[in-house]
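Here is what each chain is made of, one letter per residue.
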Amino acid sequence: MSEEHLKNTLKMLRDRFGLHESELMKYPPTFMATADKIVEISRTLRDEFGYNLLCELTAVDYYPEDMPRFHTVYGYYNIAENSRMAIRVPVNGENPSLPTLSEVYPGANWLERELWDMFGIKFEGHPDMRRILMPYDWEGHPLRKDYPLGYEEPQFTFNFDEIDKRKHHGRYEEA
Amino acid sequence: MADPIELDYPELKHLVSERALKGETVLLNMGPQHPSTHGVLRLLLELDGETIVNCVPDIGFLHTGIEKNMEAKRWELAEVMTDRTDYLNNTGNNLGYCQAIEKLADLDVPPRAQAVRVILVELERISNHLVWLGTQALDLAAQSMFLYCFREREYILDIKELCSGQRMMTTYFRPGGLWRDIPADFEIAVRRFLRMFPSRIKQYEALLTKNPIWLERTRKIGKISAEQAIALSLTGPVLRGSGVAYDVRKAQPYSGYEQYDFIVPTGTNGDVYDRYLVRMEEMRQSLRIIQQALDKLPYGPFRSNNRKYVPPPRAELGTSMEAVIHHFKLWTEGFNIPKGAVYSPVESPKGELGYYLESDGSNHPYRIHMRAPSFLAIQALPVLAKGHLVADLVAIIGSIDIVLGDCDR
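Residue numbers (the numbering used here), protein chains in the order written: chain E, 30 to 204; chain X, -3 to 405.
To be clear, the hints were calculated from the coordinates, so they are not data collected in a lab.
Everything numeric in this text was worked out from a predicted model, so none of it was measured.
Check each hint, because a few of them may be wrong.
As the list claims (entries may be wrong) - From the structure, some residues in chain E lie toward chain X, with a derived Cβ separation under 8 Å:
#1 53
#2 55
#3 81
#4 84
#5 87
#6 128
#7 131
#8 135
#9 154
#10 157
#11 158
#12 163
#13 169
#14 172
What the hints assert, rightly or not - Straight-line distance between alpha carbons at most 25 Å, and here's what the computed DMTMM-like set of lysine to aspartate or glutamate pairs gives:
#15 E/66 to E/44
#16 X/335 to E/168
#17 E/55 to X/254
#18 X/64 to E/44
#19 X/9 to E/44
#20 X/9 to X/54
#21 E/36 to X/254
#22 X/292 to X/183
#23 X/219 to X/54
#24 X/69 to E/175
#25 X/69 to E/94
The beta-carbon is built from N, C-alpha and C at its ideal position, and this holds for glycine as well.
Using the sequences and the accompanying hints, generate a full structural model.
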């Protein structure tokens, strides 16, 4: 059943890729990996260990830390063996980018677009790296921790330009 | 043949084929206000005559920043926002969120609360499938189905109102149990529904299952193979319609699902008709689960006794200083959850609904991500729709059962 299969998978990851376990995640069992290995690891997990469903792909912003600033979380599920595991990949704050997984898991396509939209993490080799939830001309990436949630100064006609200069995001630009 | 198109946005050129640029195919905008798109979904269709060459979904019209907003609220206050994501599955979203918190904080849930949760979530599943059936049949011009389905759904909304005072946005499940115990007439109301509903399913099936128009409109439409569905991360009835028996309730039971006897229905062809059959059978299985849960509904407390997370009973406040302190703490600053992260899935009527929660040890969530089944279902729409007629696209959109509130969050 699932537990033995999971144990074998975790052992393989430890031996072959030299990964160590993440202490933060309570469930499912999670390993820390680096960006350059994530495609290879995913391919191995899918082809050799049957983790055929990419069930989760998200990111966390640890601003003001910068090296690394983000953690992306990949969740894998093996339908036949009924076992679940995850991998976390740290990403640096300056020009954050990762290789795309959409070759291995076509379902990652939109999830990666969501990450680009919300966190500004670029996925190299992605077939269609556009915004997905926000309008196409939006500035900034809303789920970053330095992106304000409301409480912005209201702009009236007389002080519009003055406030516009101070703003980090959502500046009005004449077309 | 039309004139070649000049593009305003050359960076969007890759979305359509070369033929569209030459003017051989027609680009048609569908939505976001189209009644058959089940919300504010916009589709860019590339048509060759009436056949769909390509379909580009455009989402985000209902994006309200729920994940960002939840980060600014305390754990227990953020729960009200989960109701508003998938508005046809309110208690199901509450369950996913509460379970993630319970996993993160090692919070216990008494058996009575677990059983009531199961009953309400299964009622919700039926109610969701009723809305789906009504609207899907309406899209395929079976207007009376819509009225029948909404008539039965009203019973379920009444039961929810009985428990929580709200018909839709209940927030009835709280971390550690329920908001309050079920009222005395809850059992009577649910049993009345259980007696009435099986015959109603028979009526629906009599109207649709062997109806030649229904068969013509749903069979061999929107086919997807099991491998493709898995690769596209599809879950729920869409995946089961393709023959993969993956259901979180069976695979990784939660909230006491392991005690109940039910089957996971699967289809064989993976078309619109099979998804219809799967959902009809799921309603029957939900009835079975409710019946079993109600028959052995345990007595006992309806919420955990862990006062760090759960408020003390009202009666204790007059006599116990401890209770007053806990009450004061919970109402002024909420509870803190130890540092950690968790991914916790539940089976929503639309598929695997996962909550990724991360806590930095404070009384606010540090990060919440919902793995929304509708989001991934819409992603698969181009694969499902290619080669079909525009009229069939309406059936396909209905069959993946999307809620744009869930998709855009």
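Pairwise hint evaluation, residue 94 of chain E against residue 69 of chain X, where the allowed Cα distance is 25 Å at most: 23 Å, holds
Restraint satisfaction for residue 154 of chain E [CB to CB of chain X, less than 8 Å]: 14 Å, violated
Given pair status - residue 54 of chain X, residue 219 of chain X, alpha carbons within 25 Å: 22 Å, holds
Satisfaction of the residue 135 of chain E interface hint, Cβ to chain X closer than 8 Å: With Cβ-Cβ at 5 Å, under 8 Å, it holds.
Restraint satisfaction for residue 84 of chain E [CB to CB of chain X, less than 8 Å]: Constraint on residue 84 of chain E satisfied, holds at 6 Å.
Agreement of hint residue 131 of chain E with chain X interface, Cβ distance less than 8 Å: 10 Å, violated
Holds or violated: residue 55 of chain E to residue 254 of chain X, with C-alpha atoms at most 25 Å apart: 22 Å, holds
Interface hint compliance - residue 157 of chain E to chain X, C-beta minimum distance less than 8 Å: 7 Å, holds
25 Å Cα cutoff - pair residue 66 of chain E, residue 44 of chain E: 14 Å, holds
Proposed proximity, residue 254 of chain X with residue 36 of chain E (alpha carbon, max 25 Å): 24 Å, holds
Hinted contact residue 87 of chain E with chain X - closest CB pair below 8 Å: 4 Å, holds
Hinted contact residue 128 of chain E with chain X - closest CB pair below 8 Å: 18 Å, violated
Of the hints listed earlier, those the structure fails to meet are numbers 6, 7, 9, 11, 13, 16, 18 and 19, in rising order.
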